[in-house]
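Asks: Residue numbers (my numbering), protein chains in the order written: chain C, 49 to 222; chain Y, 49 to 222; chain F, 23 to 521; chain R, 23 to 521.
Think of the hints as simulated: they come from the structure by calculation, not from any bench.
None of the values given here were measured: they were computed from a predicted structure.
C-beta atoms are modelled at their ideal positions from N, C-alpha and C, and glycine is treated no differently.
Hints are not guaranteed to be accurate.
Listed below are several chain Y residues computed to face chain R (Cβ distance under 7 Å; list not exhaustive) [said to hold, decoys possible]:
hint, residue
1, Tyr-65
2, Thr-107
3, Lys-109
4, Gly-124
5, Phe-125
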Amino acid sequence: MNNIQEEIKLVSGDKTYSAAFDHTDTSKVFLDEKLYEFKVLKEYNDNVSVISVNNKVFTVKINQDDRDSIEILTTGFGYNYEIKTSTSSLLEQFVRQSGKGKNKVNGIVAPMPGMVVKVNCAVGDQILENDKLVIVEAMKMENALGSPLSGTVKKINAIEGKAVDKGTVLIEIE
Amino acid sequence: MNNIQEEIKLVSGDKTYSAAFDHTDTSKVFLDEKLYEFKVLKEYNDNVSVISVNNKVFTVKINQDDRDSIEILTTGFGYNYEIKTSTSSLLEQFVRQSGKGKNKVNGIVAPMPGMVVKVNCAVGDQILENDKLVIVEAMKMENALGSPLSGTVKKINAIEGKAVDKGTVLIEIE
Amino acid sequence: MFKKILVANRGEIAIRVMNAARELGIETYAVYHEVDKHSLHTISADYALEIVGDTPKQAYLDAAQIISLAIENECEAIHPGYGFLSENASFSKACKDAEIKFIGPNEYAIEVMGNKTAARELMQKAGVPIVPGTKERITDLDLAKEIANEIGYPILLKAAAGGGGKGMRKVEKESDFIDSYDAAQREARNAFGDDTIYMEKYIVNPKHIEIQVLADEHGNCIHLAERDCSIQRRHQKVIEEAPSTVLDEKLRAAMGKVAVDAAKACQYVNAGTIEFLLDKDKNFYFLEMNTRLQVEHPVSELITGVDLAKEQIKVAAGYPLPFEQEDIVISGHAIEARIYAEDPLNNFMPDIGTISYLRNPDGIGVRVDGGIERGDEVSINFDPMLAKLIVFGQDREEAIEKMDAALSSYKVVGSRTVIPFLKAVMQSDRFRNHYFDTGFIESDFDFKVLDEMKENDEEYVAAIAAFAYNKNKNKKKVTPVNPTPSDWKSKRLNNMREF
Amino acid sequence: MFKKILVANRGEIAIRVMNAARELGIETYAVYHEVDKHSLHTISADYALEIVGDTPKQAYLDAAQIISLAIENECEAIHPGYGFLSENASFSKACKDAEIKFIGPNEYAIEVMGNKTAARELMQKAGVPIVPGTKERITDLDLAKEIANEIGYPILLKAAAGGGGKGMRKVEKESDFIDSYDAAQREARNAFGDDTIYMEKYIVNPKHIEIQVLADEHGNCIHLAERDCSIQRRHQKVIEEAPSTVLDEKLRAAMGKVAVDAAKACQYVNAGTIEFLLDKDKNFYFLEMNTRLQVEHPVSELITGVDLAKEQIKVAAGYPLPFEQEDIVISGHAIEARIYAEDPLNNFMPDIGTISYLRNPDGIGVRVDGGIERGDEVSINFDPMLAKLIVFGQDREEAIEKMDAALSSYKVVGSRTVIPFLKAVMQSDRFRNHYFDTGFIESDFDFKVLDEMKENDEEYVAAIAAFAYNKNKNKKKVTPVNPTPSDWKSKRLNNMREF
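Work out the full structure: start from the sequences and follow the hints.
Replies: Dropping the structure here:
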């Protein structure tokens, strides 16, 4: 492992993997010091490719944006990783210490596009985690959406009868 | 048919179709004065598309080069058309009159890539149409290729044991 | 036989029907809304006719427009598939008035069986056992609560016009009654334009068993044994099989006879299904009749050898059934799994997106009735069912092995799917030992298994992420062609398990 | 049961075998040459191992390399598919020496049945009827001509090591003998590295009937009825069906018994096929034994319900056959059509190219064993078979209807295919009335039907050409991005019918 060029960390939930690369050979990756050898067998449109990893075959879609996070979609599952280089780790540590962590949504987010059928709360209501605060209809099914946390309803963006996009913050809670 | 912009002829073997277009609406074609209406339902890579013609659905690959000839591949069949605009018709007439018609291959052409197994003639041989002059092996099968015309062997380009590409003129005959 | 038929539907069922028609030498006409012009059913037809509407749904529900297209194109019959116009009595009648054959039952059967209250009454008269409950529309909520107390909780609220779990609510205790009633009514109104709700006893741990019937215009009516459709999420079927492991020859014959009686009672013609709840003591209760071809019809086809879609067309063309009850012999075992674009790790939330890569499994005893192909988008306009995977084995064990293997061969990349969940069911002891009822997913299935399945590959997938990062590193230094970030992240949200 | 097997093949048969293994819970290892790394069999496997060689063929034939990969990856068995190493006796032995199970017969059976002369002798001893002819290698051409005169023309020259029509020549008259002999010998040398040729009586208008056998390591050997593979071009099968319409129960039992005797005579284990010629008087003659799974095995699977690839693996793992002869009941009718990238309007000349669009038919009773997907190239490196389409119907008429419909649903765009030809066969009276023999394509099929089929759509296609011209007209005025003309024209040549 003399040719190791760079080490990164991949963070997925509470798991962290250390990856190291051989700069003379991009087909090799050391993950937690175990060697993985890669072959790209086939590439399709839309970032889909078939890759063999130590000869094991995976058909995956690899979504990568500029903010060093990668999503790997297999048949059925989606895996998300934040990439931490030594620089980004330091930066993040700094940001965290300054109390400006990543945006965490405090409230209920529309999990998919749909129509707001009913809002079950008002601004100022004290609510508990899992309280069903809003009902959204999508693909002909009603879904009662529960609060991810206990707190007070701060703002209501959902309007009965109106369509909402996926990701819209419907109810803000603090 | 007041908006007719241009008329062309499509020549396929001994058949000729006259096509006219409505310059206000490219979804319409008049072929031998019958109206055809088009919708492009879907487009794939490699010039493949699904087109409805008077609501009838065709999945086709359309190969068109700059020399105004079009090939349409369906499942199973290939259709080839030479496009004659009024200009090109005149030009062709002129060329034909000058005795410089289209290149017609005089001889045996390799119908596919393969290996020359045997040459059954020598330069100067008098041969008849359908005489099997050369044997080419391709996809593990031997194919004895016959002459498309009677005449004299002018030149032999096929060498036993050598690979040939599709379209190579193996034996020239005059 | 007809020369041309119009298929007034989309997706896999439209393709299924067109395949059947093609075997009978019939030319097929698809209808499509602009947003559906590239869809597989459109491009699979011999002819494709555009229908217009503010929304695709409106277009597919536009009876008058569809009938006039059929007339214009000299189609002699219309197959409605399932959903859309398939259980619309006035559409059946409108077809008849236009002298176009509706490939399905007459308006009377649709009408009466489509109304839960009327259906219960008719079934009771025909000697079909029904679940205790109200026979009329709930109007007086206080009275309704009294009746509920008499029947005993849990009770079930159901939309009279409903089906497929929509407008349906289980009520555990009296204090939940009003909220559940409101929700069921609202859902029913939105889904069916009819908010009539009735209630019945909630049968605890029942099996959902349904009997396929087939009747011709000459008075012949037979059944094609049962399907066990107990594996459901949100009252909607996910896995179906035939035959059921809990029916013996005697019970099959008894339920079959009742189903045929039910069909005859509503003067049924064409293919239909009588759904029953079967309790642990093998009591069965009429649930409803689906007056159309069902999503899960293939499992019956595979164990009986009868092509139901083809028989539907032949019956509509006036042919008598080519077999009698005693000719129907069941052999082998069939299982169907619905391939939904839903995230089983997130409460089966539909997951839209582009199916960037798709490869169906193949081989002996493997059938895929699919509605999409590689590159197609899964949109919110329609149900998130991508395809149905149906397998046939010499026995149930082989069918399960085959389903498990076929699910492993399935490649769907671009949206989350229920495939891992389906695999987990095939591997679960409860399913293998046929110890499951309609509460299986809600109560008995261990979702942790899915987390474990996901973690199984985690090491490799993390390595792939690292590999991709390393490979793309240099690329990222050049100015991106498209500087706007891709939107995949905004489409993925965490913490959605509890909603 | 094995935990891991290596499949030493490519294309549809490798995928077929991997499907079977997956059902048995076995992990699958594909092997691929660099040019095949993107191929469907490679990307369908659980694991894919690269094999090297100057040509892909050399790599797939490299027994030592493949065995050492199997050892390295702890694969307990190797399935050879068909072609390549499948009928290589020394490979079977090398596997045994390496303590890896060869999924197929032992070296003795391959050796003896692979040599036409030795096979004839052994069969004659076992009481299997054989075609009159030479039993030894032709060495003296004058003597050979004498024998030919005795047997009577036409005679057939055949490579001892041959199979699938390679190294085979029909000789109509004495004056053609030498030329035909030279050609057969040359072809045999190139194809098999063995130019031994023998000759036999050419049976006029025979049916090609073959019997599937299956034998385990415990002395059990049964047959799974016959396949009729009479529809051939260039002595290669295109359409196969089971059962044959010309066999009755008695003849089936007689031929089946002879086939089992033949298998027992060579101590056969695993799946194999005894090929016969059947003349008009129902005399049958041993042709050869294929000591491997055959391309057309699916038709037997569909009428018997036996999964041959799965049974092969189970037999190799030491399991006894799970059924006896009397358990094998045939029902329904199955037809297989091979989807070749060949131009039937041009003497079935292989047509290479990119399969720019591909869509397999689907539905009840339709099976596709395929080796390619949309976007793949058909190269000259391998046989031009894209897939096998196999259908099952309750009877022959339904199977034909189903095949006809499935062929209409098939979409293969990018190379010419035999699909229109296959459709024409399904629609031909001769085939429908089962009045056909091995001379069907050469002598009885009317190729004008194909011209008519092509012309049927001509009007629409010409309109499409005009539409495309008009649509692209404006585009052509801008400088083309790629100024070199596309090469499609150079790939298409006219006047190739007579070659």
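Asks: Would you mind marking each hint as holding or not holding in the structure?
Replies: Going through the hints against the structure:
1. Given the 7 Å rule on beta carbons, the hint for Tyr-65/Y holds: about 5 Å separates it from the nearest Cβ of chain R.
2. A least Cβ separation of about 5 Å between Thr-107/Y and chain R falls short of the 7 Å threshold, and the interface hint therefore holds.
3. Below 7 Å, beta-carbon pairs count as interface contacts, and Lys-109/Y has one with chain R at about 5 Å; its hint therefore holds.
4. With a cut of 7 Å, the hint placing Gly-124/Y at the interface with chain R holds, because the nearest CB-to-CB distance is about 4 Å.
5. Annotation: interface hint on Phe-125/Y holds; nearest CB of chain R at approximately 5 Å, less than 7 Å.
The structure fails none of the hints (numbered hints given earlier).
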